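In terms of numbering that gives the first Met the number 0, the sequence shown has 39 at position 40, counting the first letter as 1, and numbering is strictly consecutive.
Keep in mind the hints are simulated off the structure, nothing from the lab. Everything numeric in this text was worked out from a predicted model, so none of it was measured. One should not assume that every hint holds.
Said to hold, decoys possible - Straight line, CA to CA, 20 Å or less: simulated EDC-like cross-link-like pairs of lysine to aspartate or glutamate:
| hint | residue 1 | residue 2 |
| --- | --- | --- |
| 1 | Lys106 | Glu40 |
| 2 | Lys106 | Glu48 |
| 3 | Lys88 | Glu40 |
| 4 | Lys88 | Asp66 |
| 5 | Lys88 | Asp68 |
| 6 | Lys45 | Glu133 |
| 7 | Lys96 | Asp66 |
| 8 | Lys60 | Glu97 |
| 9 | Lys45 | Glu137 |
| 10 | Lys139 | Glu97 |
| 11 | Lys136 | Glu97 |
| 12 | Lys45 | Asp110 |
| 13 | Lys140 | Glu40 |
| 14 | Lys136 | Glu40 |
| 15 | Lys139 | Glu40 |
| 16 | Lys88 | Asp110 |
What the hints assert, rightly or not - Label-pair distances were calculated between CB atoms; the ranges are:
| hint | residue 1 | residue 2 | range |
| --- | --- | --- | --- |
| 17 | Asn26 | Pro2 | 32 to 38 Å |
| 18 | Ala18 | Asp110 | 40 to 46 Å |
| 19 | Leu7 | Asp110 | 56 to 62 Å |
| 20 | Phe9 | Leu104 | 44 to 50 Å |
| 21 | Asp110 | Phe34 | 18 to 24 Å |
| 22 | Gly49 | Phe28 | 14 to 20 Å |
Note that the Cβ used here is the ideal one computed from N, Cα and C, for glycine as well.
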Amino acid sequence: MKPRHKRLTFILVGLAGVAVAVALVLNAFRSNIVFAFSPSEVVAGKVPEGHSFRLGGLVKKGSLVRDKDGLTVHFVVTDLAQNVNVTYKGILPDLFKEGTGAVSLGKMGPDGVFHAQQVLAKHDEKYMPPEAAEALKEAKKEKAQGMPVTMNEKGGSI
Numbered sequence: 000m001k002p003r004h005k006r007l008t009f010i011l012v013g014l015a016g017v018a019v020a021v022a023l024v025l026n027a028f029r030s031n032i033v034f035a036f037s038p039s040e041v042v043a044g045k046v047p048e049g050h051s052f053r054l055g056g057l058v059k060k061g062s063l064v065r066d067k068d069g070l071t072v073h074f075v076v077t078d079l080a081q082n083v084n085v086t087y088k089g090i091l092p093d094l095f096k097e098g099t100g101a102v103s104l105g106k107m108g109p110d111g112v113f114h115a116q117q118v119l120a121k122h123d124e125k126y127m128p129p130e131a132a133e134a135l136k137e138a139k140k141e142k143a144q145g146m147p148v149t150m151n152e153k154g155g156s157i
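Construct all of the structure, not just a fragment, from the sequences and the given hints.
Here it is as structure tokens:
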């Protein structure tokens, strides 16, 4: 084999190795990306089915209910336009309370309830996903302009 062919073969093998490495890295990123959605986007069906995502918004006042086991809680997350029922089993953060912001990580169940695996209480703007903060701003604008605030089809205000 001529030195020219050896060099070309070496370059092609190197490029193939780099392509495989890039493909593996991109695949790892794709499986670990977690998107954030507002309750309006969840009700509109824009969430990925079967994948975890973050749900951000306000904990609706009067919606926090604890089960007898002491660990399971049910509450409603709202962006003032739509509501999503959330179930979480675990210890809630100290700052978690009704009327404040919260971000939950989990999946939508077939029953239309968001099953959270992790709940973060918002103590400043760092814990509110930009998408949820924008949805809250839009809902507040609509409410201030006198536009009707719509509720979800599974029971309206809860």
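* Hinted pair Lys139 and Glu97, Cα distance within 20 Å -> 18 Å, holds
* For the range 14 to 20 Å, tell me whether the beta carbons of Gly49 and Phe28 fit it or not. => About 18 Å separates the Cβ atoms of Gly49 and Phe28, which means 14 to 20 Å holds.
* To do: Mind checking the alpha carbons of Lys106 and Glu40 for me, to see if they're no more than 20 Å apart?
  => Holds, because 14 Å separates the two Cα atoms, which is no more than 20 Å.
* Asked: Going straight from one Cα to the other, do Lys88 and Asp66 come out at no more than 20 Å?
  -> 10 Å, holds
* Asked: That 56 to 62 Å hint for Leu7 and Asp110 (C-beta), does it hold up?
  -> Holds - the Cβ-Cβ distance for Leu7 and Asp110, about 60 Å, lies within 56 to 62 Å.
* Is Lys45 within 20 Å of Asp110, Cα to Cα? -> Distance ~17 Å between Lys45 and Asp110 Cα, so the pair holds.
* Asked: Are the Cα atoms of Lys96 and Asp66 separated by 20 Å or less?
  -> 16 Å, holds
* Does Glu48 lie within 20 Å of Lys106 when you go C-alpha to C-alpha? -> Between Lys106 and Glu48 the Cα gap is close to 8 Å, so the pair holds against 20 Å.
* Do the Cβ positions of Phe9 and Leu104 conform to the proposed distance bound of 44 to 50 Å? -> Once the Cβ atoms are compared, 46 Å apart, the range 44 to 50 Å for Leu104 and Phe9 holds.
* To do: Could you grab the alpha-carbon distance between Lys88 and Asp68 and see if it respects the 20 Å cut-off?
  => Within the cut-off at roughly 10 Å; holds.
* Asked: Would the pair Lys88 and Asp110 pass a check requiring their Cα atoms to be no farther apart than 20 Å?
  -> 17 Å, holds
* Asked: CA of Lys140 to CA of Glu40, is that 20 Å or under?
  -> 17 Å, holds
The earlier numbered hint that this structure contradicts is number 3, and it is the only one.
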